[in-house]
Structures are given as structure tokens and as C-alpha cells.
Amino acid sequence: MSDALPEEIAAPHLPSASTTRSEFLKPHRIVLALIGVGLIVAAAMTLRWDWLPKYGDLILAGLWMTVLLLVVTSILGFLIAVPVGLAQVTGPRIFAWPAATFCTIIRGTPLLLQIWLLYYGLGSLFPFIPEIRQSFLWPYLRQAWPYGVLALTLSYAGYEGEVMRGAFAGVPKGEIEAARAFGMGRFTLLRRIWLPRAFQRVLPTLVGETVLQLKSTPLVATITISELYAVFARVRQDTYIVYEPLLLLALMYLVLTAILVYLFRLLENRLTPKSR
Amino acid sequence: MPSGLDLLALSPPGWGGVLLAGFWNSIQVAVGGFGFGLLIGMAGACGKLYGGPVTKDLLAVYTTLVRAVPELVLIVLLYFAGADLLNLALSVVGLGPVNVSALGAGIFVIAVVQGAYATEVLRGAIQAIPTGQIEAARAYGMEPFLMFRRIILPAMLPHALPGLSNLWLITTKDTALLAVVGFAELTLVTRQAAGATKHYFIFFCAAGVLYLALTLTSNLLLRRFELRLRRGMPAG
Amino acid sequence: MKTLISTLGLAVGMTIAALGGANADPLRVAVAAEPYPPFASPDASGNWTGWEVDLAKAVCKAEKLDCVITPVAWDGIIPALTSNKIDVIAASMSITPEREKTIDFSDKYYNTPTAIVAAKGSGYKPTPEGMSGKIIGVQVSTIHEDYVRKHFPDAEVRTYQTQDEANQDLVAGRIDATQADKIALDAFLESADGSACCESIGEVAPDVEVLGPGVGFGLRKGEDDLKAKLNAGIKAIREDGTYEAISKPYFNFDIYGG
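Chains as they are written, first to last, in the numbering used here: chain W, 1 to 276; chain D, 1001 to 1236; chain H, 2001 to 2258.
Check each hint, because a few of them may be wrong.
[Unchecked claim] Residues from chain D shown here face chain H by an in silico Cβ test under 10 angstroms; the list is partial:
{"#": "1", "residue": "1015"}
{"#": "2", "residue": "1021"}
{"#": "3", "residue": "1087"}
{"#": "4", "residue": "1188"}
[Stated by the list, open to error] Once the Cα atoms are required to be at most 25 angstroms apart in a straight line, the calculated BS3-like pairs of lysine-lysine come out as:
{"#": "5", "chain 1": "D", "residue 1": "1198", "chain 2": "H", "residue 2": "2120"}
{"#": "6", "chain 1": "W", "residue 1": "54", "chain 2": "H", "residue 2": "2150"}
{"#": "7", "chain 1": "W", "residue 1": "54", "chain 2": "H", "residue 2": "2101"}
{"#": "8", "chain 1": "D", "residue 1": "1056", "chain 2": "W", "residue 2": "26"}
{"#": "9", "chain 1": "D", "residue 1": "1198", "chain 2": "H", "residue 2": "2182"}
{"#": "10", "chain 1": "H", "residue 1": "2057", "chain 2": "H", "residue 2": "2108"}
{"#": "11", "chain 1": "H", "residue 1": "2064", "chain 2": "H", "residue 2": "2108"}
[Stated by the list, open to error] Label-pair distances were calculated between CB atoms; the ranges are:
{"#": "12", "chain 1": "H", "residue 1": "2224", "chain 2": "D", "residue 2": "1225", "range": "56 to 66 angstroms"}
{"#": "13", "chain 1": "W", "residue 1": "178", "chain 2": "D", "residue 2": "1058", "range": "44 to 54 angstroms"}
{"#": "14", "chain 1": "W", "residue 1": "195", "chain 2": "D", "residue 2": "1051", "range": "40 to 50 angstroms"}
{"#": "15", "chain 1": "D", "residue 1": "1006", "chain 2": "W", "residue 2": "50", "range": "47 to 57 angstroms"}
{"#": "16", "chain 1": "D", "residue 1": "1065", "chain 2": "W", "residue 2": "25", "range": "17 to 27 angstroms"}
Since the hints were made in silico from the structure, they are not lab data. We put the beta carbon where it would ideally sit given N, CA and C, even for glycine.
All chains, please: the whole structure from these sequences, using the hints.
What follows is the structure, given as C-alpha cells:
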């Protein structure tokens, strides 16, 4: 049973390119769109936005932090997911079993708990190991972002590792046998057949996983990393305005998701062979 | 200094009882939120399939919004706005304001989030029913509600179950986010216990074991249920 | 099929019970859901104890109010008040002009100096120069955060949801210093972790505009009856000795302040 949602459920669809403009703009849609615009205008006019100029720079810095976290942890996570998936399909027991356990634990416990375990759990051990404070790593271990990056990376690796397992297992037997018949070595087989074929299969699920990853990034705000959510939390706490910052924050994530889905569609179009 | 097992003892000064009470809260919110989420999903799926164009578009906005905005943001937003909206609605129909308990608010928040995902799962499952079955029911003159109860619901369940199982597992983990709004579920009480005793590792690991146990038990039960449902279905 | 429907029914029933359950209308007095010893923290049986909890109960008792202690996340404690989830804030909330724009306060019920704690032998000074280039941890959206941002512009400020976490990171060496209420810091310095690692480096220069006149009960604007009752309650327990009796086990000085 896979914990990852099928792509079409996890990733919201933009109107597909094949929908022509006239199809999309039906009369009732125009009315709905007008109502929507009216709501936005009403929100802009009646709600309080006077805090916006003051926090503009902070919001941009938070946005940058969120994007950076997303890109770095998704790439690192994917790089770990490949061996984790592969180990479960072909690896010997000593690799397969730990890989499967890793996926189960990551997917069976809340990410928030994992983040707190890493940050506060490890932090509570530091005072007992003086060597750590003398080590060259200490300036980094003092900061919060290594823990956030580690937790998010492991989370992505756990979920995507499970998807990769399915992808590796799903490469048709015949292709592998054919490659063997051509005398390919194990490594060549992996590089030329298994990886490309598996990657092709997971590509459509990557967008969903990455959107989920974007939606996980706010959790690191709880360990003092000032990404987008943390910046807006500060706005809320400074000004005691509740809804306006949250609404703008939701809108920003909506736009980020849309951009993400669009970028992946470009990637997918480029990487998948044109249909015959 | 008390050792690990003393800290987890069920009665004070051990914190095991507090942890289990938090765990029970988590389960209650998960069950309640998932149940209401299913109801929302059922209505949403029917609306998306059989509703008018306006209903369809509004539902599309709902599911897109919920799936694109982080759960944490939604939970904070709904947790604060939920009671306001409810009381606004009640005052419109002429009733006084009510106090919303933390548990009720938590269930509401989880339900709204899971409802969007459930809508998509159930819509897919209903679409997977062979049209002939529904047409046959119509041909026999079945009322829409009777048809829904006797034909659509049972025929769709085997298709919906894998997706719903995933949703249940996600729901159990999403309840942890309620810690951020101060609801005393497992993750928050764990942090309180850890903060009070300074034994962060033991408590976070203990909570992890509880969550894992819930996931694995659910997996086991759901797989059994799925096997039972699939009796009499063509293999594959 | 039947099991599914009955499960759904159970869920519906449970939620209705949950929604309707809290309708008996006692006064909901909120403490921060994050432990803040010695003022309010949960014990191993899940009850909230501490000086501030005792004090709030005493005020309620003096005015014959039916009070129930309700933990709420500090992060959302003011929205929770304005959206009617709670009725009174008793979470060591300092009275500040900024907060008074949104909510009302009772008279103060305690006031203590603000201090900074750092690692033993650090030699830091609680001044703008002394804090320059240091990492200071503070609890988010407190007078201490405002103070540090205003007076120590050259320090790196790290904000925590709770003072407890800031203390924990000071022990772990992730921050150089933390500024907070002197009493909360004293309690930390008396703990095993705190006494091993850290010491107070003194009080910060006063700034009434930021630090405010003290701590009061927070309540919704316009609830003047409740405000009058709380003020009368504070006055009553100050006069009949209850205040001192409550404070004695916790503090060896007068926490009410000047």
C-alpha cells in the first residue's frame, strides 16, 4: 500500500493546453470570475494591508528561503531515493531490509515529530559531547537550517523511495533479459536500461511529490528557520492581524504550486519521447 | 534522575498516561475528521460528476485550493476562522453564538482538508463503475437515492478503498499539525513532556512508536478489509 | 457496508457531542499551551500548575467566577481571545500600547525586571555594544523580542515559540544569550541544566515604552463588567494576604513590583 497519492490527486491541474479559449470561457465562468475578482477587490479595499510595505523585504527573504529549501531537499532527497528504491528491488537482504524499514518509519510518523526529534533531540545531546563544540562542524550545527534540510530531505527520500521501488520493479522483465542477452554488465544494465526506464515511470509522480514537499516546508518554521510561513507568523504576531497575512500566504503558496506544476509539465514534455 | 522507563510509566510521575491521553485525542480527531471528510468527499464527488456547471467549478476551486496550500496554513486559517464563520452562520439563521471546543475545531479543520482529497478519490472510484450497471438501475426505475445506496456505493467501494486507505494514513499524521494551534494531541503533549523533563529523545521516540503502531495496525486492518471487499471481483 | 455507515454515524455523533459539549459557559481562562515555569506548566497527570494558575484561580474564587483553565498556543492566543475561543488571558502577558489597540487589560498583577542569561564565563554585557554580533534567543511576539530588536540592532535575533526552547538551545550552545523575564530565567538557572551551563549577566536598561507597566489579564474590548471584577479580585487578594500566600512557595521576594 503506497502512502503517496496518485499524481492526479496530489497535483492540481491547470487547465490543459488543449482546452481552447472559447471552451474555457463559458458564460457562467465569466460570472464566477467576476464574482472572484469582486471578492479580491473587496478584500483589498476593506481588509488591512498597511503592514505590507513594512514587511516586504522580509517576505521576499522568506520566499527565497522556501524556494531554496524546496529545491535543495527535493534534489538531495531524490538522489537518496534512487538507491533506497533499488536496494528494495534487487539488493541483498542486508540492504533491502534497512531500506524498507527506513521507508516505513519515515512514512509512518508525522514529519513534524521527525523535525522536532532531530532538532531538539540532538540538541539535548550536544551538552554531553564536548567534542562536538570543538569540531569544525559546530558553526553549522549551531544553526537551524541543517536540521531542517536533513529532515525534509529524509522525508522526500522516504516517500519517493517507495515510488522508486515500484518504478524499478515495474521495468518489464523482457527488457532486462534482452539487455543481459546482449552481454551487458550489471552496471551498464543499471545505467542504460533500469535507471532511464524507471525515471520515465516516476516522472509523472515527481510533480505530486514535489508539491507535497513544498507544502511540508512550513513545518521547519517551528525550529526557528525563517522561511515564508515564519515571516507571516511574525507579521501576525507583531500586528495581531489574523486573516490578512494568512490569506496572502495561502495565495503565495498557490502561485508557487502553479509555477511548480507548469515547470514539471515543461520538463515532462521535453523528456518523454514524442508519441508515435 | 529517573530512567527512561520510569519517565514513561502510566501514572505520575511518569508521563505515559499523558502521552496516551494525547494519543487518544489524536485518534478521535483523526476518526472524526476522516468521517466528516468522507461525507464532504461523497457530496463533492457527486457534485463534480452530476452537478451543474457552477457547482462543478466551485468544487474545482475548493479541491485545487486545498491541495495547493500547505496543510499547516489551512489548519491555522481554519482553526481561527472556523468558529467565526460558524457563529456568523448561526447569527444569520437567528441562533446565538456557541463555544466551539478544541476537539470540534480540530475535527472540522481536518475534515475540510481531507474532504478535498476524498472528493477526488471518490470521483475516480465512481467513474470506474461500468456505465452499464448504472444504466440498468435507471432502466429498472430506481430512484436516485436508492440507486446511490444499492448500486453506486457498493460498486465503487473496492475502487475507492486503496485511495481512502492512503487518506486515512495521511489523516492520522496530519493531526500532528494541530500541535501548532495548541490542541493537546500526541505531538504537543510529547513536546510538553519533553520540555518539562528535558528528556527530548525518549519522548519523541516514544511518540514515534505510537504513530508507527497506529499506521501499521491500520495497514493490517485495511488490507484485510480490502481483501473481503474484493471477494467476487475479477482478479487484477 | 453497514459497518462503514455505522462508523460514519459514530463520527458524526462524536463531533456533535464535541461541538456541543463545551456549552456550560464557565469563564475560560487561557494559559499558554507551552510550559512556562514557574508560572504555568503541565504536570505528569496533565493538570496545569504554577504561580499564575494559582493566582488566576484565587482571583476567580474571590469574585465567585466559575473558571476553567484552558491551554492555548501562545502564537494564537490573542486571535483566540478575539474570536471567542477563550475569555481571559492569564499567560504572563505584559501590558503594552501595541496590544492595547487590539485587546483590553486588567490592572497589573505582577511586574518583574528583564534580564539576560548567557553561558558561564562569557563576559557578555547586557548592552547594545555587549550584544553586538551575538545570537540572542527570545520568545516570539513578546516584549523581549521587541526590546531586543529595538535596542540590540547588531545582534542576530532568533525567535522561539516558548522560552523553554530558547533555554534548551542556550544549553545546547546554539544561541549565545537569551533575554526574558528575570523570574523565568531564575527558575531556569536553578534547574540542573541551567545551573550547569549558564549564568545571569544582569538586567537590561529599562524602557517602559517597550517593556510596559507589568503583566495583566487580557480580555476582549468592551467587557467592562468582567474587567471591573478582575480588578476587584486582584485588589481583594492583594489585601487579604492570599497573594502573599500564593507567592511564598514560589518566590522569596515581592513579585508584585513597584
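Tell me, which hint numbers fail for this structure? none
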